[in-house]
Amino acid sequence: MGFARTPVIAGVYEHPTRWAPDKTAFQIHAESARGALADAGLTIADVDGYCTSGVGPLGVLSMAEHLNLQPRYLDSTSIGGASFVAHVTHAAAAIAAGLCEVALITYGSTASSERFAVGTGGGFAGDPPDHFEAPFGPTVVGSYALVAQRHMHEFGTTPEQLAEIAVTIRRHAGLNPAAKFREPITVADVLASRLVSSPLHLLDCCIISDGGGAVVLTSAERARDLPRRPVLVLGGSEACCHTAMGRRDLTDMAAQQSGPRAMAMAGVTHADIDVCMLYDSFTITVLETIENLGFCKKGEGGGFIRNGRIGLGGALPVNTDGGGLSSNHPGMRGIFLIIEAVKQLRGDAGARQVRDCEVALCHGTGGMLGLRHSGATLILGRG
Amino acid sequence: MAEDKKHKKALPRIDEESKGFWEACQRHELYVQQCRACGARRYYPRALCPTCLSGDTDWALSSGRGTVYTYTVTYQNQAAGFRDALPYVLAYVELDDGMRLLTNIVDCAPDAVRIGMPVEVVFDDVTPEVTLPKFKPAREAGK
Numbered sequence: 088m089g090f091a092r093t094p095v096i097a098g099v100y101e102h103p104t105r106w107a108p109d110k111t112a113f114q115i116h117a118e119s120a121r122g123a124l125a126d127a128g129l130t131i132a133d134v135d136g137y138c139t140s141g142v143g144p145l146g147v148l149s150m151a152e153h154l155n156l157q158p159r160y161l162d163s164t165s166i167g168g169a170s171f172v173a174h175v176t177h178a179a180a181a182i183a184a185g186l187c188e189v190a191l192i193t194y195g196s197t198a199s200s201e202r203f204a205v206g207t208g209g210g211f212a213g214d215p216p217d218h219f220e221a222p223f224g225p226t227v228v229g230s231y232a233l234v235a236q237r238h239m240h241e242f243g244t245t246p247e248q249l250a251e252i253a254v255t256i257r258r259h260a261g262l263n264p265a266a267k268f269r270e271p272i273t274v275a276d277v278l279a280s281r282l283v284s285s286p287l288h289l290l291d292c293c294i295i296s297d298g299g300g301a302v303v304l305t306s307a308e309r310a311r312d313l314p315r316r317p318v319l320v321l322g323g324s325e326a327c328c329h330t331a332m333g334r335r336d337l338t339d340m341a342a343q344q345s346g347p348r349a350m351a352m353a354g355v356t357h358a359d360i361d362v363c364m365l366y367d368s369f370t371i372t373v374l375e376t377i378e379n380l381g382f383c384k385k386g387e388g389g390g391f392i393r394n395g396r397i398g399l400g401g402a403l404p405v406n407t408d409g410g411g412l413s414s415n416h417p418g419m420r421g422i423f424l425i426i427e428a429v430k431q432l433r434g435d436a437g438a439r440q441v442r443d444c445e446v447a448l449c450h451g452t453g454g455m456l457g458l459r460h461s462g463a464t465l466i467l468g469r470g
Numbered sequence: 031m032a033e034d035k036k037h038k039k040a041l042p043r044i045d046e047e048s049k050g051f052w053e054a055c056q057r058h059e060l061y062v063q064q065c066r067a068c069g070a071r072r073y074y075p076r077a078l079c080p081t082c083l084s085g086d087t088d089w090a091l092s093s094g095r096g097t098v099y100t101y102t103v104t105y106q107n108q109a110a111g112f113r114d115a116l117p118y119v120l121a122y123v124e125l126d127d128g129m130r131l132l133t134n135i136v137d138c139a140p141d142a143v144r145i146g147m148p149v150e151v152v153f154d155d156v157t158p159e160v161t162l163p164k165f166k167p168a169r170e171a172g173k
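Residue numbers (the numbering used here), protein chains in the order written: chain A, 88 to 470; chain B, 31 to 173.
One should not assume that every hint holds.
Said to hold, decoys possible - Covered by chain B, per the in silico footprint, the following chain A stretches (three or more residues, Cβ under 8 angstroms):
#	stretch
1	332–340
2	393–399
Unchecked claim - Short derived list, chain A residues pointing at chain B, Cβ under 7 angstroms:
#	residue
3	ARG202
4	ALA204
5	GLY224
6	THR226
7	GLY229
8	THR273
Think of the hints as simulated: they come from the structure by calculation, not from any bench. Glycine included, each C-beta is placed from N, C-alpha and C at the ideal position.
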C-alpha cells in the first residue's frame with residue numbers, strides 16, 4: 088500500500104492568464120515553472136526530473152532545452168487532458184525509486200488566443216481506428232454527446248440534471264478571482280444555450296482559454312527543509328477505455344478501473360474524500376466520473392448531484408476552482424486539478440476553502456469519451 | 031488521411047489491414063472479422079486477433095441490420111466537408127450480432143432518430159475508391 092517513501096508536492100502555481108496573445112505557450116510553461124519553484128522554495132537548478140505534455144511528440148526535449156534542464160528522469164506521457172495527473176503518479180514513483188529528487192511538471196497553452204477549435208475542429212491522428220471514425224464526422228464534443236445520450240436512455244438522466252452541474256461549478260467560479268466566467272448561471276440558461284452536439288448545449292461544454300501551470304514534487308525528507316506544508320501523494324493509477332473490438336458498454340469509463348486502484352493504494356474509502364477535482368470537459372464527464380469512481384451506483388448520478396451535494400458546503404464538493412466549465416480550459420486541464428487540490432489541502436483556497444480538508448481525489452479524463460479515452464486518478468493528503 | 035477534391039470530408043486510408051473491408055463495401059457488402067483460431071469477432075478490421083494474436087482471419091458477412099445504440103445530432107464541426115453538412119447524425123449502430131460501429135444515420139430527419147430504432151445498412155459511394163457503410167431506418171419486415 089502506498090509508495091515506499093511517500094513523495095510530496097512541494098510547490099504549485101496556476102498561471103493567472105486566461106488570454107495571452109502576447110505570450111508563447113513555452114513562455115507560459117516557463118513562467119509557471121518559475122511560480123511553482125518559488126512556491127516550493129526551490130530553484131531551477133534543483134530540478135532533476137521533468138514531465139510535460141501537449142508540446143508535440145518530441146516537445147519534452149524542446150521544453151527541457153527551453154528551460155536548460157538536464158533531467159535524469161523524463162516523462163512525456165501523452166494521454167490527453169489526464170496526462171498531468173499521470174505525471175504526478177509517475178514522478179512520485181520516480182522519486183520513491185530514487186530516479187530523481189525534485190520533479191517539475193509544466194503545462195502551457197495559447198489555445199484561446201490562437202483560436203483552436205478544441206472540441207469541434209476535427210483533426211484526426213490517422214491511426215487505424217480513426218479511419219473507421221473520421222469519415223463519419225465525430226468531434227470531441229460529439230464523442231461525449233454519444234455517451235450522454237446513452238446515459239439518458241439507460242438511466243433516465245435529464246438535461247436539467249446535467250445543467251445543474253454547470254450551474255454548481257459556475258457558482259464556484261464566482262469565488263475564484265482568476266476564473267474566466269464568474270457570473271452566476273441558471274439551469275434555464277444552460278438549456279437555452281445552443282446545442283453543439285445533442286444533448287450537449289454550449290454551457291454543458293468547457294470553455295476555451297489560454298493558461299498553464301506547474302507542480303513540483305520531491306521526497307518527504309527533502310521537503311522537511313522547505314517553507315510550505317507538503318501535500319502527500321498517497322496513491323495513483325491509470326487506465327484506458329476504448330471500443331474493445333466493437334463491444335464496449337459506452338457508460339463504462341476508465342475511472343472504473345483507475346479509481347479503486349488509486350484509493351486502495353492510498354488506503355482510503357469514499358467517505359474519506361473531502362474534495363473531488365474531476366475533469367469537467369463536459370457536464371456528462373462529471374456525472375459519469377462520479378458514478379464510475381463509485382461515489383454512487385451507475386445510473387444514479389443524476390440524482391446524486393442534485394440539491395447542492397457537489398457544491399461547496401455539500402457532502403462532496405467538486406471543482407471548487409470553477410473547473411474547465413468556467414475557470415480555464417486551455418485544452419488539457421489535468422494540471423489544474425492538482426493545483427486546486429493542493430490549495431485546498433493547504434487551506435489556501437480563500438473564499439472557496441473546503442473546511443477540514445484532509446484528503447483530495449483528482450481524476451483526469453483525456454481523449455474522446457465515446458471513442459477512446461484515458462483515466463488517471465490521484466489521491467492526495469494533507470501533510 | 032487523403033482528401034478528395036469533390037468529397038471534402040475525411041476519407042479512410044485503405045491499407046493491408048483494412049482493404050478486405052473496404053473492397054466489400056464497394057460491392058455493397060458489410061463484413062466483420064472472425065478469428066479462425068479462437069472464434070472472437072472484431073470491428074474495426076485489423077490483421078491480428080487481439081484476443082489470441084492469431085493472424086488467421088475469416089470475414090463474416092453481416093446482415094447489415096441492427097438498432098441505434100446511441101446517437102448525437104451534430105450542429106457544429108469545423109472540419110472540411112462536415113461544416114457544410116450540418117446538422118448530421120453521428121451514431122453507434124449495434125448490428126444484430128452485437129457488434130457496434132460508428133456511422134451516420136441517413137434518409138431520416140435528425141430529430142426523428144431514437145435509440146433502439148431498427149436500421150439497415152445503406153452504402154454511400156463517396157468516391158470511385160471509397161464506399162462508406164451508413165444506416166437508414168429499416169423497412170418494415172415483409173416489405
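Hint check:
| no. | hint | result |
| --- | --- | --- |
| 1 | 332–340 | holds (count 5) |
| 2 | 393–399 | violated (count 0) |
| 3 | ARG202 | violated, 10 angstroms |
| 4 | ALA204 | holds, 5 angstroms |
| 5 | GLY224 | holds, 4 angstroms |
| 6 | THR226 | holds, 5 angstroms |
| 7 | GLY229 | holds, 5 angstroms |
| 8 | THR273 | violated, 22 angstroms |
Checked against the numbered hints listed earlier, the structure breaks hints 2, 3, 8; every other hint is satisfied.
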